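**Q** Modelling step: build the complete structure from the supplied sequences, incorporating the hints.
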Amino acid sequence: MSYAQDAKDELVGRVPKARHCRIAELAGMFAFGGSLLGTEDDRIVIFHSENEGVRNKYFTLLKKTINIHECDMEERAGMVGLRGQTAAEFLMVTKYEESPDHVISRRILQEMCCRRAYLRAAFTMAGSITDPKKGYHFEITCRTMSQAEQILSNMESFGLTPKIVERAGHPVVYLKESDEIADMLNVMEAPVTLLDFENVRVEKEMNNQVNRKVNCETANIGKMVEAAVREIRDIELIEKTRGLKSLPAKLEETARLRLEHPEMPLRELGELMDPPVGKSGVNHRLRRISAIADGIRD
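2 is the number of the first residue of the sequence shown in the working numbering; add one for each residue after it.
Watch out, some of these pointers could steer you wrong.
What the hints assert, rightly or not - Capping the alpha-carbon separation at 30 Å, the derived lysine-lysine pairs in DSS-like fashion look like this: (1) Lys18 to Lys96; (2) Lys135 to Lys177; (3) Lys164 to Lys134; (4) Lys96 to Lys65.
Please keep in mind that the hints were generated in silico from the structure rather than gathered at the bench. These numbers come from a predicted model, not from an experiment.
**A** Written as structure tokens, this is what we have:
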């Protein structure tokens with residue numbers, strides 16, 4: 002089972018206690034998976050979903066929100082149909098406004114809790130979230146641009162900054178930042194998925210920090226080795242051309258110790274000197290030796 006499906010399964014199990022939130026979620030599910038057939042006097046409300054859990058939630062919301070007349074309802078594979086008085090009540094309760102835009106009435110979305118329910122419905126019906134182990138991406142594929150703009154507006158009301166892109170002829174509202182995806186999971190009230198998402202995010206960040214530290218230390222070691230190789234080369238040049246005794250006493254001591262301990266850090270090298278010298282002092286002496294070697298080369 003995919004990570005996105007696990008998230009949807011958690012949301013399918015969440016049924017709002019407040020009737021106005023149930024209405025918002027019903028309206029949202031119908032906006033993404035519904036269609037209206039029949040004449041004005043004999044409406045047929047059709048809800049489509051291949052996911053049995055989603056259909057069961059739709060039916061649960063119906064039972065808890067409107068009066069259902071058994072003779073008015075029909076269930077088939079992938080579909081729940083309403084007609085007659087039940088269909089009329091559904092359209093009235095959800096404030097359905099016949100439009101090709103598939104947007105829901107803004108009167109339903111006045112409360113923050115209702116906007117949460119609407120976004121939860123949208124994701125359950127047409128959303129996707131990438132496994133955070135592989136990357137960070139959250140999206141909802143909409144039926145029309147007007148619907149996408151309504152989703153975007155509702156997400157923005159929670160401080161999110163989604164964007165819209167068109168893919169295969171459909172507008173897609175998406176988030177790419179891990180912080181915002183975590184916030185969106187919280188908005189939709191998916192605590193289990195959110196906890197798992199945050200655990201993976203923390204683990205990845207820790208691994209990244211360790212990798213950065215290792216890379217930094219590796220780079221520093223590489224620089225130390227390169228510097229030591231240059232120092233040895235300079236000292237050997239002086240030894241072959243002028244002899245180390247030609248150097249001032251302190252520089253001669255430093256040169257001989259470097260030849261004896263080519264891989265030793267400057268701080269430890271300075272501790273072997275008499276009297277001991279700090280890291281900056283050793284570095285200063287080696288730079289002077291390097292300058293002498295450069296003079297010989299010139």
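**Q** Output the numbers, in ascending order, of every earlier hint that fails for this structure.
**A** none
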